[in-house]
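**Q** Starting from the given sequences, assemble the full structure and let the hints guide the process.
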Amino acid sequence: MMGFVRNFPFFSIMLAMFSGPVCSVLPGKAARVLNAVVITVIIGLSAVLLGNLIVTRESFVFMMGHFPAPWGNEIRAGILEAGMALFFSIVMLLSVLGGIKKLYDEVNTGKHNLYYVLVGLMLSSLLALVYTNDLFTAYVFVEINTISACGLIMIRENGRTIEAAVRYMIMSLIGSGMILLGICILYDITGHLLMSNIKESVEGLVSAGHYPEPLLCTIALMSVGLAIKCALFPFHAWLPDAYGYSTVSSAAILSSLVSKGYIFLLIKIIYRVIGFEIYKNSGIIDVLFIFGLSGMIFGSVSAIRENDIRRMIAYSSVAQIGYIFMGIGMGTAFGMVAAIFHMLSHAATKSLLFISAIGLTDVSDGSRKFGPLTGSAYRNRMAGIAFAVGALSMVGVPLFSGFISKLLFAEAAVNLTVRMLPVLIVLGISTILNAIYFMKTVIRIYTPVEEDENFRREGYEKVHMRSVPLYSAVLGAFVILNVILGVMSDPIVELIRQGLDMFA
Amino acid sequence: MGANFFSNYAEVIAMALFATGFANLLLQKNLIKKIIGLNIMDSSIYLFLAVKGYITGRTVPIVVDGVTSVERYINPIPAGLVLTGIVVSVSVSALMLSLTIRLYRRYRTLNLDEISTRLKKEGL
Chain A
4 MMGFVRNFPF
14 FSIMLAMFSG
24 PVCSVLPGKA
34 ARVLNAVVIT
44 VIIGLSAVLL
54 GNLIVTRESF
64 VFMMGHFPAP
74 WGNEIRAGIL
84 EAGMALFFSI
94 VMLLSVLGGI
104 KKLYDEVNTG
114 KHNLYYVLVG
124 LMLSSLLALV
134 YTNDLFTAYV
144 FVEINTISAC
154 GLIMIRENGR
164 TIEAAVRYMI
174 MSLIGSGMIL
184 LGICILYDIT
194 GHLLMSNIKE
204 SVEGLVSAGH
214 YPEPLLCTIA
224 LMSVGLAIKC
234 ALFPFHAWLP
244 DAYGYSTVSS
254 AAILSSLVSK
264 GYIFLLIKII
274 YRVIGFEIYK
284 NSGIIDVLFI
294 FGLSGMIFGS
304 VSAIRENDIR
314 RMIAYSSVAQ
324 IGYIFMGIGM
334 GTAFGMVAAI
344 FHMLSHAATK
354 SLLFISAIGL
364 TDVSDGSRKF
374 GPLTGSAYRN
384 RMAGIAFAVG
394 ALSMVGVPLF
404 SGFISKLLFA
414 EAAVNLTVRM
424 LPVLIVLGIS
434 TILNAIYFMK
444 TVIRIYTPVE
454 EDENFRREGY
464 EKVHMRSVPL
474 YSAVLGAFVI
484 LNVILGVMSD
494 PIVELIRQGL
504 DMFA
Chain B
7 MGANFFSNYA
17 EVIAMALFAT
27 GFANLLLQKN
37 LIKKIIGLNI
47 MDSSIYLFLA
57 VKGYITGRTV
67 PIVVDGVTSV
77 ERYINPIPAG
87 LVLTGIVVSV
97 SVSALMLSLT
107 IRLYRRYRTL
117 NLDEISTRLK
127 KEGL
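Chains as they are written, first to last, in our numbering: chain A, 4 to 507; chain B, 7 to 130.
Simulated from the structure, these hints should not be mistaken for lab results. Careful, some of the hints might be misleading.
[As the list claims (entries may be wrong)] Think about it this way: if two alpha-carbon atoms lie no more than 25 Å apart in a straight line, the pair counts; the simulated DSS-like pairs of lysine-lysine are: (1) A:Lys105 to B:Lys126; (2) B:Lys35 to B:Lys127; (3) A:Lys114 to A:Lys104; (4) A:Lys372 to B:Lys127; (5) B:Lys35 to B:Lys126; (6) B:Lys126 to A:Lys372; (7) A:Lys443 to A:Lys465; (8) A:Lys283 to A:Lys202; (9) B:Lys58 to A:Lys202; (10) A:Lys465 to A:Lys372; (11) A:Lys32 to A:Lys114; (12) A:Lys105 to A:Lys465.
**A** Here it is as structure tokens:
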């Protein structure tokens with residue numbers, strides 16, 4: 004049985020990749036069902052794999068093709084990889100289902116099936132980034148991820164989304180160019196492409212004192228390249244348009260999954276390619292730390308100044324990515340655990356916020372400005388509750404996932420020396436800023452308006468839960484996911500810890 | 007330092023080209039020039055790989071005269087990486103060009119900043 008389970012990572016990647024083209028030739032409804040079924044199957048496979056790994060407590064390497072390491076290509080799975088794959092596919096399924104009605108309204112009929120091609124391609128590239136043990140394969144899937152993300156942004160085909168897609172592509176291509184150059188320099192000085200082999204040679208190089216500058220260059224190129232791609236603070240210019248104007252499923256997928264895939268790859272590079280100690284001793288980790296801290300402040304400030312609910316949520320992503328990089332930049336195992344937990348928490352919350360926001364704007368005549376949104380939580384109750392849950396979680400109220408990640412960050416900060424004070428101060432400021440813009444929005448949507456005045460107007464009708472069952476169910480599932488992360492955090496944090504131990 | 011620059015002139019050229027392409031992709035306003043910049047940037051990496059993959063005096067890694075010593079041949083993998091990279095770069099260039107065509111048909115200009123200002127005026 005164990006032997007067969009080892010095929011599951013490969014199966015998940017291939018299922019996701021080839022379900023897309025099949026969907027494109029099926030009739031509309033069948034494509035929708037097939038896509039949901041395939042993602043559900045992948046969730047099942049990942050769950051079985053995760054269960055198996057928790058029992059055996061041993062990561063494994065799966066040989067792709069017939070050549071053993073150092074020559075062949077490999078997939079590697081441990082607790083962290085399987086857990087991430089499980090989590091990514093759950094969020095992917097919920098994001099697609101939650102935005103499906105909006106997708107059918109906003110996108111030309113002929114393009115509906117193409118969306119499933121992009122979703123399949125996106126999921127397969129995410130899974131490949133999670134599982135691969137080969138650096139060049141990772142690069143190829145980074146590009147596949149970029150291409151499908153671009154498609155997800157521009158599927159709405161209005162001027163705004165195409166422009167956003169172009170800006171996204173430009174920044175992404177700069178990032179992937181830097182990653183590719185970094186990988187090539189690393190290959191040049193180590194002679195390997197498999198992560199485990201590179202790590203061995205890098206350790207040898209560092210202890211012998213060879214090639215210090217090229218090594219620093221490659222660390223810098225890969226880190227900054229990935230930071231650009233996941234919109235870390237000074238490189239976030241493309242983000243608000245891409246998240247703010249694309250169709251809601253795309254915004255949810257981009258904010259909660261695409262950036263997480265790149266961050267996970269960066270964590271893999273830190274642990275499995277360069278080695279944690281060597282990475283820590285290079286100055287790059289300080290750069291990421293400072294960028295992370297500034298992102299936490301400036302992302303929130305931009306969000307406060309925004310008068311458009313979707314763009315506000317998008318800017319909040321910049322702040323949350325800053326939190327994750329702050330955790331990585333702490334340079335301790337505790338910080339890394341907190342960062343990984345925040346990846347989960349942010350993914351579960353941000354997609355919830357995007358999908359519930361669309362329910363609120365739909366009952367406000369499609370306007371995303373705060374004026375018309377007044378009282379919208381009474382017009383669509385489920386969306387209002389879900390948005391409030393998401394907002395409370397982002398602010399860090401106990402019971403929800405955001406609280407646990409802030410707690411973990413603070414706990415990790417206590418063990419630091421020089422960085423303790425900046426982390427705690429910025430954490431405090433950022434929490435207050437988060438509270439300002441999220442609570443402002445929650446109060447706004449829960450401010451009652453004169454019924455007879457507003458409800459007569461077209462576009463402001465009440466929506467009942469029963470009339471949009473799928474949408475409400477998805478929001479319910481997201482809320483449950485959030486509460487699970489918030490209430491049952493101990494076993495999850497323990498799993499992350501074990502997964503990180505398996506990484507090294 | 008100076009001697010290294012001369013003996014590794016091809017790598018130096020590759021890095022100069024990378025910087026050129028990078029700056030063009032980032033700073034040009036014209037979308038076509040940006041795409042040209044992208045291609046210069048990617049090609050410079052292939053040049054780097056190709057240069058690094060060749061060792062003077064060695065031959066293609068195909069055994070024809072029974073010599074199996076490693077010292078005789080070069081590593082074929084960099085060439086494989088270049089090919090993979092070219093495929094990736096072709097597909098992203100095609101995607102960028104198709105987006106450019108879409109924008110040009112809509113706004114009759116290739117200047118990205120002008121498109122942005124017009125979008126803001128439209129207030130979409």
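**Q** Given the hinted pair lysine 372 of chain A and lysine 127 of chain B, is their Cα-Cα distance within 25 Å?
**A** Measuring from Cα to Cα gives roughly 17 Å; hence the hint holds.
**Q** Verify the proposed pairing of lysine 105 of chain A with lysine 465 of chain A, using a straight-line Cα cut of 25 Å.
**A** holds, 17 Å
**Q** Would you check the hint for lysine 32 of chain A and lysine 114 of chain A, treating anything up to 25 Å between C-alpha atoms as holding?
**A** Holds - the C-alpha atoms of lysine 114 of chain A and lysine 32 of chain A are around 13 Å apart, at most 25 Å.
**Q** For the pair we were handed, lysine 58 of chain B and lysine 202 of chain A, check the Cα-Cα distance against 25 Å.
**A** Satisfied, since the Cα-Cα distance of roughly 21 Å is no more than 25 Å.
**Q** Hinted pair, alpha-carbon criterion (25 Å max): lysine 35 of chain B, lysine 126 of chain B. Please report holds or violated.
**A** Holds, at roughly 17 Å.
**Q** Going straight from one Cα to the other, do lysine 283 of chain A and lysine 202 of chain A come out at no more than 25 Å?
**A** This hinted pair holds, its Cα atoms lying about 14 Å apart.
**Q** Mind checking the alpha carbons of lysine 114 of chain A and lysine 104 of chain A for me, to see if they're no more than 25 Å apart?
**A** holds, 14 Å
**Q** Starting from lysine 126 of chain B, check that the Cα of lysine 372 of chain A is at most 25 Å away, please.
**A** Holds, at roughly 16 Å.
**Q** Is the straight-line distance between the alpha-carbon of lysine 105 of chain A and that of lysine 126 of chain B 25 Å or less?
**A** holds, 24 Å
**Q** Holds or violated: lysine 443 of chain A and lysine 465 of chain A, Cα atoms, limit 25 Å.
**A** holds, 22 Å
**Q** Taking only the CA atoms, is the gap from lysine 35 of chain B to lysine 127 of chain B under or equal to 25 Å?
**A** Distance ~19 Å between lysine 35 of chain B and lysine 127 of chain B Cα, so the pair holds.
**Q** Under the criterion that the straight-line Cα-Cα distance not exceed 25 Å, is the pair lysine 465 of chain A, lysine 372 of chain A satisfied?
**A** holds, 19 Å
Taken one by one, the earlier hints all hold for this structure without exception.
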